[in-house]
Amino acid sequence: MLLDPLALTVFDAAHSDGEDRWFTLGMSEDGRLLAVSHTYEPLEPTRSQVRLISAREATRRERMQYENEPR
1 MLLDPLALTV
11 FDAAHSDGED
21 RWFTLGMSED
31 GRLLAVSHTY
41 EPLEPTRSQV
51 RLISAREATR
61 RERMQYENEP
71 R
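Numbering (the numbering used here), first residue to last: 1 to 71.
Calculated directly from the structure, the hints in this document are not laboratory data.
Virtual Cβ for every residue (Gly too), placed ideally from N, Cα, C.
A few of these clues could be false.
[Claimed, not checked] What follows is a list of derived Cβ distance ranges for each label pair:
1. 15 to 61: 14 to 22 Å
2. 71 to 28: 16 to 24 Å
3. 43 to 68: 30 to 38 Å
4. 14 to 57: 17 to 25 Å
5. 29 to 59: 15 to 23 Å
6. 70 to 43: 30 to 38 Å
7. 12 to 32: 14 to 22 Å
All chains, full assembly: derive it from the sequences and hints.
So, in structure tokens, the structure goes:
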């Protein structure tokens, strides 16, 4: 899912108490549009690891946002 070249990722300020959280809309490998909450955990100065917090099917509104986002 996070490999989707058209994925939309934004900082989630409302849920970032204590750690920086991010929200991504993107296609899974099997073609489902997912809404994912995640963090990036640094491993080295130039690498990080993604830690998933939650993932679910995108809502109708999120799907419209993903499909209509100018790229």
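Each hint tested on the structure:
no. : hint                 : in the structure
1   : 15 to 61: 14 to 22 Å : holds (18 Å)
2   : 71 to 28: 16 to 24 Å : holds (19 Å)
3   : 43 to 68: 30 to 38 Å : holds (35 Å)
4   : 14 to 57: 17 to 25 Å : holds (21 Å)
5   : 29 to 59: 15 to 23 Å : holds (21 Å)
6   : 70 to 43: 30 to 38 Å : holds (33 Å)
7   : 12 to 32: 14 to 22 Å : holds (21 Å)
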